[in-house]
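Colleague: Model the full assembly from the supplied sequences, consistent with the hints where possible.
Protein chains: 4
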Amino acid sequence: MNVIADFCVVPIGVGVSLSAYVAAAYQELEAAGLHPQLHANGTNVEGEYEQVFAAFKRCLERMHEMGAPRVSCTIKLGTRSDRSQTMDEKVVSVEEKLGPRS
Amino acid sequence: MNVIADFCVVPIGVGVSLSAYVAAAYQELEAAGLHPQLHANGTNVEGEYEQVFAAFKRCLERMHEMGAPRVSCTIKLGTRSDRSQTMDEKVVSVEEKLGPRS
Amino acid sequence: MNVIADFCVVPIGVGVSLSAYVAAAYQELEAAGLHPQLHANGTNVEGEYEQVFAAFKRCLERMHEMGAPRVSCTIKLGTRSDRSQTMDEKVVSVEEKLGPRS
Amino acid sequence: MNVIADFCVVPIGVGVSLSAYVAAAYQELEAAGLHPQLHANGTNVEGEYEQVFAAFKRCLERMHEMGAPRVSCTIKLGTRSDRSQTMDEKVVSVEEKLGPRS
Numbered sequence: 001m002n003v004i005a006d007f008c009v010v011p012i013g014v015g016v017s018l019s020a021y022v023a024a025a026y027q028e029l030e031a032a033g034l035h036p037q038l039h040a041n042g043t044n045v046e047g048e049y050e051q052v053f054a055a056f057k058r059c060l061e062r063m064h065e066m067g068a069p070r071v072s073c074t075i076k077l078g079t080r081s082d083r084s085q086t087m088d089e090k091v092v093s094v095e096e097k098l099g100p101r102s
Numbered sequence: 001m002n003v004i005a006d007f008c009v010v011p012i013g014v015g016v017s018l019s020a021y022v023a024a025a026y027q028e029l030e031a032a033g034l035h036p037q038l039h040a041n042g043t044n045v046e047g048e049y050e051q052v053f054a055a056f057k058r059c060l061e062r063m064h065e066m067g068a069p070r071v072s073c074t075i076k077l078g079t080r081s082d083r084s085q086t087m088d089e090k091v092v093s094v095e096e097k098l099g100p101r102s
Numbered sequence: 001m002n003v004i005a006d007f008c009v010v011p012i013g014v015g016v017s018l019s020a021y022v023a024a025a026y027q028e029l030e031a032a033g034l035h036p037q038l039h040a041n042g043t044n045v046e047g048e049y050e051q052v053f054a055a056f057k058r059c060l061e062r063m064h065e066m067g068a069p070r071v072s073c074t075i076k077l078g079t080r081s082d083r084s085q086t087m088d089e090k091v092v093s094v095e096e097k098l099g100p101r102s
Numbered sequence: 001m002n003v004i005a006d007f008c009v010v011p012i013g014v015g016v017s018l019s020a021y022v023a024a025a026y027q028e029l030e031a032a033g034l035h036p037q038l039h040a041n042g043t044n045v046e047g048e049y050e051q052v053f054a055a056f057k058r059c060l061e062r063m064h065e066m067g068a069p070r071v072s073c074t075i076k077l078g079t080r081s082d083r084s085q086t087m088d089e090k091v092v093s094v095e096e097k098l099g100p101r102s
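Chains as they are written, first to last, in this note's numbering: chain A, 1 to 102; chain B, 1 to 102; chain C, 1 to 102; chain D, 1 to 102.
Hint data in this document are derived by calculation from the structure and do not stem from the laboratory.
From a predicted model like this one, the values you see are computed outputs, not experimental measurements.
Among the hints, erroneous ones may be present.
Which copy is meant is left open, because identical chains are indistinguishable; a pair holds if it fits in one copy or across any two.
Keeping only pairs whose Cα atoms sit at most 20 Å apart, straight-line, the calculated SDA-like set for lysine to any residue is [as the list claims (entries may be wrong)]:
1) Lys57 - Met1
2) Lys57 - Asn2
3) Lys57 - Ala32
4) Lys97 - Gln37
5) Lys97 - Glu30
6) Lys57 - Gly67
7) Lys57 - Gly47
8) Lys97 - Ala23
9) Lys57 - Glu30
10) Lys97 - Thr86
11) Lys97 - Arg62
12) Lys97 - Gln85
13) Lys97 - Ser17
14) Lys97 - Gly67
15) Lys57 - Pro69
16) Lys57 - Ala20
17) Lys57 - Leu38
18) Lys57 - Asp82
19) Lys97 - Met66
20) Lys97 - Gly15
21) Lys57 - Ser19
22) Lys57 - Gln27
Modeller: Encoded structure:
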């Protein structure tokens, strides 16, 4: 089962600057072959369910290894059985509806 | 790694009534031994990461088996390395701060 | 427009214990007349859109007033134009599908 | 209070193709001056709290006007009182931690 997912991790108890943690999670997602796409409120990935959630676990473990005693995490995901669709195809599908942009 | 998670599933392309799907997901979570707690915007569970996410996968597969061509899903989760905490302890911890309720 | 929503607030930069913050947010939601229902991963409310989101803003302001330099927040919400539905009706609708529970 | 938010809307009861709805929501967010950034799992915006949530309400109303009897919506948002930060600055802050990319 293929999934497209958004992963957002918030380490708690490590102060106010979180970018080093988000970067470390990104590196784990990249090392797992999930083609991560960083955006302003999370990181998008695509892959097989087991592969994706094994990588998310590794990200959470990494947060704790980096010193976070507590981690809050939000995941949005979509699956389809009617057809396959990539992250880029999802975006293009909306952009086509928006029409030519100046 | 123990997790406390909120699981919310929205099958797409099966009409407007979703309660039979939410009930089926609940049954999968219960069968997996995750002590599901149904609430107005999702279902809370607790357990080991692998156990929880294997059950979530089974829920998604069940949605497709029931006829949903597409599924949207939102997961919130928390992990702690400083101490163990159950779902009930999380709620009690806030209720203690709220003080006696009329 | 009536909404049923789940509100989850994570103050950042205030240490690892968040229950006093969640309790303060609950009090704001209650003061706003939103009938908050605390659960293990958030707080559910129902009400008119403007009333709900004015209360959520007050919660965020309260987190900052309590000392949080940064706040992360997750909101899930549902609206219907086909019929009205309360939080309790949503839960009962699923419980009916589950059948008699031991 | 300035917010950076991710808005994800799932119209229910309108079939399996949602891109026309996501495009319509994007247009509402753009018309509201929120500089929307479309990504594979939602649309990011930034602005004043009232401005952002008035636009989200308009998006939800638009979904119902387009025929959706029910709408599910997920919002992630962040606020800071320690300093101002744009969406682009959030991404750059992580990219700097990642170092030079091939």
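Colleague: Next step is simple, just say for each hint if it's right about the structure.
Modeller: Hint by hint, here is what the structure shows:
Proximity of lysine 57 to methionine 1 under the C-alpha cut-off of 20 Å is found in both arrangements, the shortest distances being 18 Å within a copy and 9 Å between copies. Both within a single protomer and between protomers do lysine 57 and asparagine 2 lie at most 20 Å apart by alpha-carbon distance, with minima of 17 Å and 11 Å respectively. Taking the shortest Cα distances, lysine 57 and alanine 32 sit within 20 Å of each other both inside one copy (11 Å) and across copies (19 Å). In the homo-oligomer, the alpha carbons of lysine 97 and glutamine 37 lie at most 20 Å apart only across protomers (15 Å), although the nearest pairing inside one protomer, at 22 Å, exceeds that limit.
Taking the shortest Cα distances, lysine 97 and glutamate 30 sit within 20 Å of each other only across copies (14 Å), while inside one copy they are farther apart (31 Å). Taking the closest pair of Cα atoms, lysine 57 and glycine 67 come within 20 Å of each other only inside a single copy of the chain (16 Å); across copies the shortest separation is 30 Å, beyond that limit. Proximity of lysine 57 to glycine 47 under the C-alpha cut-off of 20 Å is found in both arrangements, the shortest distances being 15 Å within a copy and 14 Å between copies. Taking the closest pair of Cα atoms, lysine 97 and alanine 23 come within 20 Å of each other only across two copies (6 Å); inside a single copy the shortest separation is 33 Å, beyond that limit.
In this assembly of identical chains, the alpha carbons of lysine 57 and glutamate 30 lie at most 20 Å apart only when taken from the same copy (14 Å versus 22 Å across copies). Taking the closest pair of Cα atoms, lysine 97 and threonine 86 come within 20 Å of each other only inside a single copy of the chain (17 Å); across copies the shortest separation is 27 Å, beyond that limit. In this assembly of identical chains, the alpha carbons of lysine 97 and arginine 62 lie at most 20 Å apart only when taken from different copies (15 Å versus 40 Å within one copy). Only within a single protomer do lysine 97 and glutamine 85 lie at most 20 Å apart by alpha-carbon distance; the minimum there is 17 Å, versus 31 Å between protomers.
When the C-alpha separation of lysine 97 and serine 17 is checked against a cutoff of 20 Å, the pair qualifies only between copies, where the shortest distance is 12 Å, while the shortest distance within a copy is 38 Å. Only between protomers do lysine 97 and glycine 67 lie at most 20 Å apart by alpha-carbon distance; the minimum there is 17 Å, versus 45 Å within a single protomer. Proximity of lysine 57 to proline 69 under the C-alpha cut-off of 20 Å is restricted to the intra-copy arrangement: shortest distance 15 Å within a copy versus 27 Å between copies. Proximity of lysine 57 and alanine 20 under a CA criterion of 20 Å is satisfied intra-copy only: 18 Å inside one chain copy versus 28 Å between copies.
Proximity of lysine 57 to leucine 38 under the C-alpha cut-off of 20 Å is restricted to the intra-copy arrangement: shortest distance 18 Å within a copy versus 25 Å between copies. Taking the shortest Cα distances, lysine 57 and aspartate 82 sit within 20 Å of each other only across copies (17 Å), while inside one copy they are farther apart (28 Å). Taking the shortest alpha-carbon separations for lysine 97 and methionine 66, only the inter-copy value of 14 Å comes in at or below 20 Å, while the best intra-copy value is 43 Å. When the C-alpha separation of lysine 97 and glycine 15 is checked against a cutoff of 20 Å, the pair qualifies only between copies, where the shortest distance is 17 Å, while the shortest distance within a copy is 42 Å.
Proximity of lysine 57 and serine 19 under a CA criterion of 20 Å is satisfied intra-copy only: 19 Å inside one chain copy versus 25 Å between copies. Taking identical chains as interchangeable, the C-alpha atoms of lysine 57 and glutamine 27 lie at most 20 Å apart only when both belong to the same chain, with a minimum of 13 Å there against 24 Å between chains.
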